[in-house]
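> Residue-level listing of the chains:
2 protein chains.
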Amino acid sequence: MTSPIGLHRVLEPRGVLPQAALRLDNASEIGADEVRIAIERLNLDAASFRQLATKHNGDGAAVRAEVLEIIGARGKMQNPVTGSGGMLIGTVEAVGPDSPLGLKVGDKVATLVSLTLTPLSITDGLKRWDGGGEQVPCEGHAILFARSIAAVLPADLDPELALAVMDVCGAPALTARVVAKYDNPTVAVIGGAGKSGSLSLAAAKAAGASRTVGVVPIERERATLQAAGLADAVALADARNPVALADAVSAALGGRAADVTVVCVDVPGCEHGAILSTADGGTVIFFSMATSFAAAALGAEGLAADVTMLVGNGYVPGHAAYALDLLRQVPAVRGLFESRLHHEASRATSGTAD
Amino acid sequence: MTSPIGLHRVLEPRGVLPQAALRLDNASEIGADEVRIAIERLNLDAASFRQLATKHNGDGAAVRAEVLEIIGARGKMQNPVTGSGGMLIGTVEAVGPDSPLGLKVGDKVATLVSLTLTPLSITDGLKRWDGGGEQVPCEGHAILFARSIAAVLPADLDPELALAVMDVCGAPALTARVVAKYDNPTVAVIGGAGKSGSLSLAAAKAAGASRTVGVVPIERERATLQAAGLADAVALADARNPVALADAVSAALGGRAADVTVVCVDVPGCEHGAILSTADGGTVIFFSMATSFAAAALGAEGLAADVTMLVGNGYVPGHAAYALDLLRQVPAVRGLFESRLHHEASRATSGTAD
Ligand SMILES: NC(=O)c1ccc[n+]([C@@H]2O[C@H](COP(=O)([O-])OP(=O)(O)OC[C@H]3O[C@@H](n4cnc5c(N)ncnc54)[C@H](OP(=O)(O)O)[C@@H]3O)[C@@H](O)[C@H]2O)c1
Ligand SMILES: NC(=O)c1ccc[n+]([C@@H]2O[C@H](COP(=O)([O-])OP(=O)(O)OC[C@H]3O[C@@H](n4cnc5c(N)ncnc54)[C@H](OP(=O)(O)O)[C@@H]3O)[C@@H](O)[C@H]2O)c1
Chain A
2 MTSPIGLHRV LEPRGVLPQA ALRLDNASEI GADEVRIAIE RLNLDAASFR
52 QLATKHNGDG AAVRAEVLEI IGARGKMQNP VTGSGGMLIG TVEAVGPDSP
102 LGLKVGDKVA TLVSLTLTPL SITDGLKRWD GGGEQVPCEG HAILFARSIA
152 AVLPADLDPE LALAVMDVCG APALTARVVA KYDNPTVAVI GGAGKSGSLS
202 LAAAKAAGAS RTVGVVPIER ERATLQAAGL ADAVALADAR NPVALADAVS
252 AALGGRAADV TVVCVDVPGC EHGAILSTAD GGTVIFFSMA TSFAAAALGA
302 EGLAADVTML VGNGYVPGHA AYALDLLRQV PAVRGLFESR LHHEASRATS
352 GTAD
Chain B
2 MTSPIGLHRV LEPRGVLPQA ALRLDNASEI GADEVRIAIE RLNLDAASFR
52 QLATKHNGDG AAVRAEVLEI IGARGKMQNP VTGSGGMLIG TVEAVGPDSP
102 LGLKVGDKVA TLVSLTLTPL SITDGLKRWD GGGEQVPCEG HAILFARSIA
152 AVLPADLDPE LALAVMDVCG APALTARVVA KYDNPTVAVI GGAGKSGSLS
202 LAAAKAAGAS RTVGVVPIER ERATLQAAGL ADAVALADAR NPVALADAVS
252 AALGGRAADV TVVCVDVPGC EHGAILSTAD GGTVIFFSMA TSFAAAALGA
302 EGLAADVTML VGNGYVPGHA AYALDLLRQV PAVRGLFESR LHHEASRATS
352 GTAD
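In order, the protein sequence lines correspond to chains A and B. Heads up, the first sequence is in the working numbering, so the first residue is 2 and it goes up one at a time. Heads up, the second sequence is in the working numbering, so the first residue is 2 and it goes up one at a time.
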């Protein structure tokens, strides 16, 4: 009997869920409710890729070797430092008779559950990847459980673009849900020119934000986000500096803190600044996988800040369709995504660091 | 000029808030808006004490030496592994002319901001503490900032009891707030026989829960919590085993998952079980300082669980008064607290492990 949440694939330690496992069984034979995917491309989580690239000083071959080693040892892709994974695209290769996912052999799909719980086997040694970017072309297979989520890739969008959107699609959906609970709130998105950040800015506006501010770390991103017109104001600040961040947000919002603050950066140490940037009665949504639980909990207490703090749940029903629709309807979001993908691709080809 | 949030006391690294600092200036001279407390007793965070006791195999002298070393090196008490601190009681010794806290010299107070951001100096080498329990009698001083929170100890309660209640008073206040947003919800409290757990059970009932279940790890606690009558049902399960925990909660709630799940245990690895125990549309409140952000975020995504996950904010306006009132009004809560304190005290005296 296979378990809908994949317990039967956990090799070590026994009894935990696949995400918490040290090692998964990545055997290619599928159970009655499982699906096997022939992989085409992995999309590593931004925080995970950044950690690996930093650790190896941008040496792509070393990054590639470590990713291969992790997948080989664990039967899944989970960065041991950040704890995060990413997602993948591929083609459905086999569908068990009892699978409830509604997929058929030949469907081109993206998995919307994390790589940290997906049994994975790589067969080409990642030879087509130079270790220089988050997108990893590869061959091998992955297994989906009954309670996994996978979306058939839309026919009208480039698969790489669709994958990049789906990877972060939990952020705009949850942002919209939270913003809709307030009356004309002000919204600050930290990391507003990034992938989840730009989608969250568009979602906040669509859900009724009265004023939005996107915070970016460097002048080039300020110019890009300003030109895109996705935020009512764009502020320049290092999110790791709590006082500078709160001052920048407040200056952009006419001297008040934000009702809703969305943390979409991929560096550690942004908890206190996000809390300081949020008004009493407001909500902070932490999407960054580099968020420290203790820093957030103790930070709010230490600042006597009456704010609601949410762990960014990557799953909200309908999240993929919602994010893809935002991309279709807001040309500026599409523009930011395409230029970011283009930038990553050219960086990967030229091999130069950014 | 002193900063209301204590930036002027941060020695390393510059620019971060006191909680994130590696080292604080614990000098006894106070600024115009500061307050100095003569310390009588520290109350170490449960997760922190457990980590230290486990690391040193229950060797009290080694635990004491490490606590002294931490405070000496950092100018504050912050466990480097758990990141957590605790709180303290003492007597107000000096009040700056501009302090907004409303305290006067001679007031007996408890600090409601974490020790992780409170400048602290110990002068008696912790000689009256044997390292065997969370309550640490000591001499020295601590500094409060303008935006700190301290409560004058109530005259009708033993100070040790009041301190233990105030230490966890964020939990019942936030539980009540969340429960009140649902219509007759079912509530599961993981670690229901503990300090924050028993208060949260009482708060859930007071805020309108239709049915509560307290989950405990061992038979002795099951008997205690059942006798206390604080929960409609008591279930026995190890919270680190996700499937066992979810099954126990569901069995106690007539085959359904909980609308609100409150995590009050002090061990790591409870995120997935708490998520699995919660119904779609429900809320998980994580109070445990041993919570992993990534495990919670990726766990919910991996289980396709549409649950709201809250970082337990230790500050809710009026939290101390609310928790003390619950203790006064619900004799069973008081009974559990008193027997837990008694148990800790006798364990400390006898020196035997539990
Ligand atoms: N829980 C979930 O469901 C969920 C969903 C979506 C995303 N995420 C997480 O959210 C994070 C962001 O993902 P992403 O794909 O949107 O990444 P991204 O596209 O790389 O965006 C991150 C943005 O943050 C900016 N940034 C970096 N350091 C900063 C600093 N110190 N101050 C201010 N801004 C800074 C980056 O600027 P530069 O490009 O100039 O460095 C970039 O614009 C990741 O950790 C990801 O795992 C989680
Ligand atoms: N963020 C906040 O504002 C806030 C507020 C309050 C509390 N907290 C945190 O919440 C946690 C609990 O604090 P506390 O003072 O209430 O601690 P406590 O009194 O020691 O209670 C913890 C309870 O969890 C039980 N437990 C331990 N391991 C378990 C397991 N594997 N399965 C099920 N139950 C288990 C314990 O049972 P045994 O006694 O038998 O081990 C105990 O009853 C700490 O991490 C604390 O820092 C945070």
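It cannot be assumed that every hint is accurate.
[Unchecked claim] Beyond 10 Å from chain A on every Cβ pair, some chain B residues (computed):
#, residue
1, GLY16
2, SER85
3, TYR316
[Said to hold, decoys possible] Only some residues are given here: those of chain B computed to face chain A with a beta carbon under 7 Å:
#, residue
4, ALA295
5, ALA301
6, MET310
These aren't lab readings, by the way, just hints derived from the structure by calculation. Just so you know, even glycine gets a beta-carbon here, dropped at the ideal spot from N, CA and C.
> All hints are to be evaluated individually against the structure, with a verdict given for each.
Right, here's what the structure says about each hint:
1. GLY16: Non-interface label on B/GLY16 violated, nearest chain A Cβ at 5 Å vs cutoff 10 Å.
2. SER85: Not fine: 6 Å to the nearest Cβ puts B/SER85 too close to chain A.
3. TYR316: violated (5 Å)
4. ALA295: Holds. Min distance 4 Å.
5. ALA301: holds (4 Å)
6. MET310: Where the cut-off is 7 Å and the nearest Cβ of chain A is about 4 Å from B/MET310, the hint holds.
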